[in-house]
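Asker: Line by line, the protein sequences are chains S and A.
For the first sequence, my numbering begins at 1 and goes up steadily by one.
For the second sequence, my numbering begins at 1 and goes up steadily by one.
Rather than coming from a laboratory, the hints here were simulated on the basis of the structure.
Some hints here could point you the wrong way.
Said to hold, decoys possible - Label-pair distances were calculated between CB atoms; the ranges are: (1) S/251 <-> A/250: 56 to 62 Å; (2) A/18 <-> S/105: 28 to 34 Å; (3) S/71 <-> A/140: 21 to 27 Å.
To be verified - With a cut-off of at most 20 Å between alpha-carbon atoms, the simulated SDA-like pairs for lysine to any residue come out as follows: (4) S/67 <-> S/150; (5) A/9 <-> S/133; (6) S/67 <-> A/110; (7) A/223 <-> A/96; (8) S/67 <-> A/253; (9) A/95 <-> S/81; (10) S/133 <-> A/95; (11) A/95 <-> S/131.
Every residue gets a Cβ at the ideal spot worked out from N, C-alpha and C, and that includes glycine.
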Amino acid sequence: MITVEDLSKRFGTTLAVHDISFTIQKGEVVGFLGPNGAGKTTTMRILAGSLGATSGHAIIDDLDVFKHPRRVKRRIGYLPERPPLYGGMTVESFIRFSANIKGASEPNAATRQVLHRVGLQQMSHRLIGHLSKGYRQRVGLAQALVHDPDVLILDEPTSNLDPAQRVEIRDLIQELAEGDRTVILSTHVLSEVEDICERVIIIDRGRLLTTDRIDALARETRRIKLRVARREPELADRLASLSGVVEVHEEPDGRFTLLTEHDIRADIARFACQYDLLELTGQERLEDVYLRLISGSGPDDPETTGTQEPVSSEQQT
Amino acid sequence: MRNILVLSKRELQAYFTSPTGWLFLCAFLVITGFFFASMVGYYAMQTTELGMGSYSQDQFDMGEYLVAPFFANTSVILLMLCPALSMRLFAEDRKQGSLELLLTSPISTFEIVMGKYLGSMGFVLIMLLATAHYPIMLYWLGEPDTGVVFSSYLAMLLLVGSFMAVGLLTSAFTDNQVVALAISFSLLLLFWVISWADNSGSGSMGDVLSYVSMLSHMEQLGKGLVHLKDIVYYLSFIGVALFATQQRVEAFRWR
């Protein structure tokens with residue numbers, strides 16, 4: 001469905017995206033993660049056709065994004081981080097305008113349907129400029145959906161929303177992802193990704209870190225929490241001496257947190273039975289995987305990171 | 001083609017969904033109305049005075065002494081109003097992020113530029129049509145030269161066409177509407193007055209400057225003389241500005 005090959009984008013001297021390659025199957029819902037400035041928005045804009053790449057290919061539905069921009073754009077719905085709206089238009093006239101320029105086959109019918117879909121019928125005659133952020137986000141989604149695209153690209157659709165609006169938009173996206181539609185979603189809220197997405201693409205400083213399935217990423221647990229009934233003083237030392245254990249923390253609530261080289265929950269359980277094991281959990285969630293991957297990709301490329309340390313004035317005098 | 005129509009319709013509606021469009025239309029009619037009234041008064045006074053002397057009515061032609069100066073004044077007003085009308089065309093889209101919608105829709109850059117241009121031209125066309133009652137009044141009062149009236153309107157159309165094309169181009173270079181206004185007004189003023197320099201310039205230099213100037217191409221049209229070279233000048237001026245705008249918008253994808 002979507003194939004990205006060795007995609008790079010250079011802005012002046014900075015390399016925003018560096019040789020990224022991944023594929024996304026039809027109907028997949030993929031979370032696009034990475035710190036601010038990692039190149040998420042740049043990659044999404046290249047896929048959506050509002051930005052050209054410096055090198056590499058992006059292929060959607062066997063069509064090269066750069067060679068057949070019109071045919072590709074007809075298949076893509078894109079919601080940028082800031083929804084692209086005309087504040088002076090009413091919701092309905094704006095969506096009809098979007099339907100027209102996006103080549104929906106029946107603009108009027110498509111407008112009615114999409115307004116119903118995102119729950120905006122009541123607001124259809126309101127000026128977009130007068131709407132709340134949550135509703136504006138819905139109008140942005142409606143704009144991306146009106147021509148019934150196969151691919152939906154959403155750039156931080158839930159940022160800047162209050163918790164209730166966030167849940168509403170998240171549920172809406174979950175609905176939209178049902179069926180054959182392919183969804184790429186970038187966000188900083190990792191619980192959202194765990195709820196909605198099957199797979200994640202994590203990038204940092206323009207480089208691809210992983211494109212694995214979430215369950216595969218989190219399966220390999222390296223952080224184990226443990227509680228036993230008989231707490232003996234030498235327990236912490238004995239835990240630390242087990243093979244595979246890197247670090248042992250004793251928490252104030254009496255639990256132990258173990259950092260291990262790989263998933264050794266079974267070994268730990270067997271050992272902890274001597275001390276009357278009460279509870280053992282693999283704590284690794286997407287958040288831990290994410291943080292580990294991000295911190296693991298150190299600043300190795302001088303081209304993409306900041307320049308040398310500034311010289312302080314004290315040293316000069 | 002359909003896309004151009006959809007885009008230009010939206011652009012034209014944008015002028016009327018906010019008070020600005022109505023305000024500009026109002027201000028334009030008030031100012032031109034004031035000029036028209038005072039000119040008719042002056043013309044009437046002079047014809048009465050001169051009619052008593054040895055001059056005949058024919059020598060004091062309505063086309064030359066009333067229609068032409070009126071449109072010359074109108075063109076100066078348009079020179080000031082058009083940059084204010086065109087400043088938002090791309091600057092607003094860039095500022096509020098709606099340019100992203102246009103760039104990610106299955107439409108070409110050419111269609112975006114033409115849609116915006118024709119939409120804004122639609123508004124200035126409405127402004128020009130709203131002045132039609134002035135010449136109609138002249139037909140009621142006397143017998144103005146129809147050729148002069150029509151060629152003056154042709155001149156106005158070509159002129160605002162050039163103004164709006166320059167405005168569209170400058171608007172694509174910034175997301176600040178005030179900056180777009182200042183630059184396009186300065187550029188237009190330069191093209192307007194550049195022929196004044198030919199007084200000091202000698203020979204061929206003066207000819208070139210006068211050919212480049214918008215003002216010198218207005219003279220003949222204002223007298224009712226439609227020369228192909230004047231029309232070609234304005235059309236190529238518009239063409240170059242629109243082509244440059246298209247290149248500029250294309251460059252948004254490659255920044």
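Asker: Are the Cα atoms of residue 223 of chain A and residue 96 of chain A separated by 20 Å or less?
Answerer: violated, 45 Å
Asker: 56 to 62 Å was suggested as the range; check whether the CB atoms of residue 251 of chain S and residue 250 of chain A agree with it.
Answerer: Roughly 59 Å apart at Cβ, these two residues keep to the hinted range, so it holds.
Asker: Verify the proposed pairing of residue 95 of chain A with residue 131 of chain S, using a straight-line Cα cut of 20 Å.
Answerer: Measuring from Cα to Cα gives roughly 18 Å; hence the hint holds.
Asker: Verify the proposed pairing of residue 67 of chain S with residue 150 of chain S, using a straight-line Cα cut of 20 Å.
Answerer: At roughly 19 Å apart (the allowed maximum being 20 Å), residue 150 of chain S and residue 67 of chain S satisfy the hint.
Asker: Please check whether residue 18 of chain A and residue 105 of chain S have a Cβ separation lying inside 28 to 34 Å.
Answerer: holds, 32 Å
Asker: Within 20 Å, alpha carbon to alpha carbon, are residue 67 of chain S and residue 253 of chain A?
Answerer: holds, 14 Å
Asker: Regarding the pair residue 67 of chain S and residue 110 of chain A, is the alpha-carbon distance no greater than 20 Å?
Answerer: holds, 17 Å
Asker: Within 20 Å, alpha carbon to alpha carbon, are residue 133 of chain S and residue 95 of chain A?
Answerer: Holds: residue 133 of chain S and residue 95 of chain A sit about 17 Å apart, inside 20 Å.
Asker: Does the structure keep residue 9 of chain A and residue 133 of chain S at a Cα separation of 20 Å or less?
Answerer: This hinted pair is violated, its Cα atoms lying about 27 Å apart.
Asker: Using the Cβ atoms, figure out if residue 71 of chain S sits within 21 to 27 Å of residue 140 of chain A.
Answerer: violated, 58 Å
Asker: For a C-alpha distance cap of 20 Å, please report whether residue 95 of chain A and residue 81 of chain S respect it.
Answerer: holds, 14 Å
The earlier numbered hints that this structure contradicts are 3, 5 and 7.
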